[in-house]
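Peer 1: Chain by chain, the residues:
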Amino acid sequence: MLILLLGIIFLHISALVLLFVSTTVSVWTTGTMGTSDLWLNCSTDSIHCDGASTGVWIQVVQALMILSIIFSFLSLLLFFCQLFTLPKGGRFIPTGIFQILASLFVMSGAIIYTLMHPDWVSDEYSFGYAYILAWVAFPLALISGLIYAVLRKRE
Amino acid sequence: MLRVLALASVVLLGIAPQASQAITVYTSWERHALVGSDIRLSCTFFSWRSISEDVSFTWRYRPDGSKDSISIAHFAGGEAYTDNKGVFKDRVEFVGNPKRRDGSILIKNLDFSDNGTFTCDAKNPPDIVGRPSSVRLLVFENLPIQAGVITGAIIGVVLGLLVLIVVIYYLMRFLVARRVFSLSVSKHGKKKKEGSQQRQGPAPPADPSKVKAAASEKKKQESRKDKK
Numbered sequence: 000m001l002i003l004l005l006g007i008i009f010l011h012i013s014a015l016v017l018l019f020v021s022t023t024v025s026v027w028t029t030g031t032m033g034t035s036d037l038w039l040n041c042s043t044d045s046i047h048c049d050g051a052s053t054g055v056w057i058q059v060v061q062a063l064m065i066l067s068i069i070f071s072f073l074s075l076l077l078f079f080c081q082l083f084t085l086p087k088g089g090r091f092i093p094t095g096i097f098q099i100l101a102s103l104f105v106m107s108g109a110i111i112y113t114l115m116h117p118d119w120v121s122d123e124y125s126f127g128y129a130y131i132l133a134w135v136a137f138p139l140a141l142i143s144g145l146i147y148a149v150l151r152k153r154e
Numbered sequence: 000m001l002r003v004l005a006l007a008s009v010v011l012l013g014i015a016p017q018a019s020q021a022i023t024v025y026t027s028w029e030r031h032a033l034v035g036s037d038i039r040l041s042c043t044f045f046s047w048r049s050i051s052e053d054v055s056f057t058w059r060y061r062p063d064g065s066k067d068s069i070s071i072a073h074f075a076g077g078e079a080y081t082d083n084k085g086v087f088k089d090r091v092e093f094v095g096n097p098k099r100r101d102g103s104i105l106i107k108n109l110d111f112s113d114n115g116t117f118t119c120d121a122k123n124p125p126d127i128v129g130r131p132s133s134v135r136l137l138v139f140e141n142l143p144i145q146a147g148v149i150t151g152a153i154i155g156v157v158l159g160l161l162v163l164i165v166v167i168y169y170l171m172r173f174l175v176a177r178r179v180f181s182l183s184v185s186k187h188g189k190k191k192k193e194g195s196q197q198r199q200g201p202a203p204p205a206d207p208s209k210v211k212a213a214a215s216e217k218k219k220q221e222s223r224k225d226k227k
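Just so you know, the sequences run in chain order A and B.
Its first residue numbered 0, the first sequence is counted upward by one per residue in numbering that gives the first Met the number 0.
Its first residue numbered 0, the second sequence is counted upward by one per residue in numbering that gives the first Met the number 0.
What the hints contain is simulated information worked out from the structure, not anything from laboratory work.
Because the structure is a prediction, the values reported are computed rather than measured.
Wrong hints could be hidden among the right ones.
To be verified - Here are a few chain A residues that face chain B, going by a calculated C-beta distance under 7 angstroms: (1) Leu3; (2) Gly6; (3) Ser13; (4) Thr53; (5) Ile65; (6) Leu66.
What the hints assert, rightly or not - To list a few chain A residues with every Cβ distance to chain B over 12 angstroms, as calculated: (7) Thr43; (8) Gln61; (9) Phe83.
Each residue gets a CB set at the ideal place from its N, CA and C atoms; glycine is no exception.
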């Protein structure tokens, strides 16, 4: 029972950490000239940076990633809150809803970035590791949310 | 002791006005404008002295990438003089009110070549020591959206909706609980009336549906307690 609990918490926290790293590190695009998106364009030495392009779509991606972090964090808080207040046999529905919403936000953010990035990124650039982390965080958060929706409190 | 204080205050009063006799000039930091539009560049100053008759404003323009600056507007002795030979010929107008410390100029019909730094220097004799202040002009074809406006708007709307949904949910729960509460109060009231009237005569027929509802509610509460 305790192992299950620890496993679920570990999954949730790892999804949250991946989301956090993916959002804060500005490495959604890499190339020979440097890295860029979501927040800064940096040259290869990472010392000379200026702000990323201020288009509509990159701001939408920024907002969706921040919202996914917020919702995943709220879901973690709700989980601990419900762990102590839920009656026996109850389901962690609000926790699951928030975590699934967080995964949907990451998915929409990653999809919008994939479709719209040719507007401001030239062809010689390729996707960076922060972009890949976002795509990895999406199924982790989704599975975590579904587990919460199905889980029943026992002890 | 008193003598030391008096001496110190005299010295301070003597020093202070001279130290503060620097005029401070204020302009914006950066201005954005569209091609073909007009823009008003504001310049104001702060001076410990009152506005003199010889107050003067000087505007200089330095194009991007150049080291030299040219003078484009000058106000002195109550008269305004503007560029009549250079790039800003007939395009710049002095629209400030120097008596009210306003030395603004209006530049009409902007073009991409007007990108650069505009420096305002104000003098209020005898207050002439001061640093001029610069405003950077950026001319765009389309005004870009500021970074973070849409981001903040989306986050704010979604979080606001979340708070709204939570508030409405708890409000609904509270209202439903209140309705149940008021129902049970009326049932208690009726039972007391029935009890007192039984001594007098046959009890008036109680509302059967309400009695049944009360009975089922009691059964539900008992079963919930059993489950817990």
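Peer 1: Evaluate each hint against the coordinates.
Peer 2: Hint-by-hint comparison with the structure:
no., hint, verdict
1, Leu3, "24 angstroms, violated"
2, Gly6, "28 angstroms, violated"
3, Ser13, "24 angstroms, violated"
4, Thr53, "4 angstroms, holds"
5, Ile65, "6 angstroms, holds"
6, Leu66, "6 angstroms, holds"
7, Thr43, "23 angstroms, holds"
8, Gln61, "5 angstroms, violated"
9, Phe83, "16 angstroms, holds"
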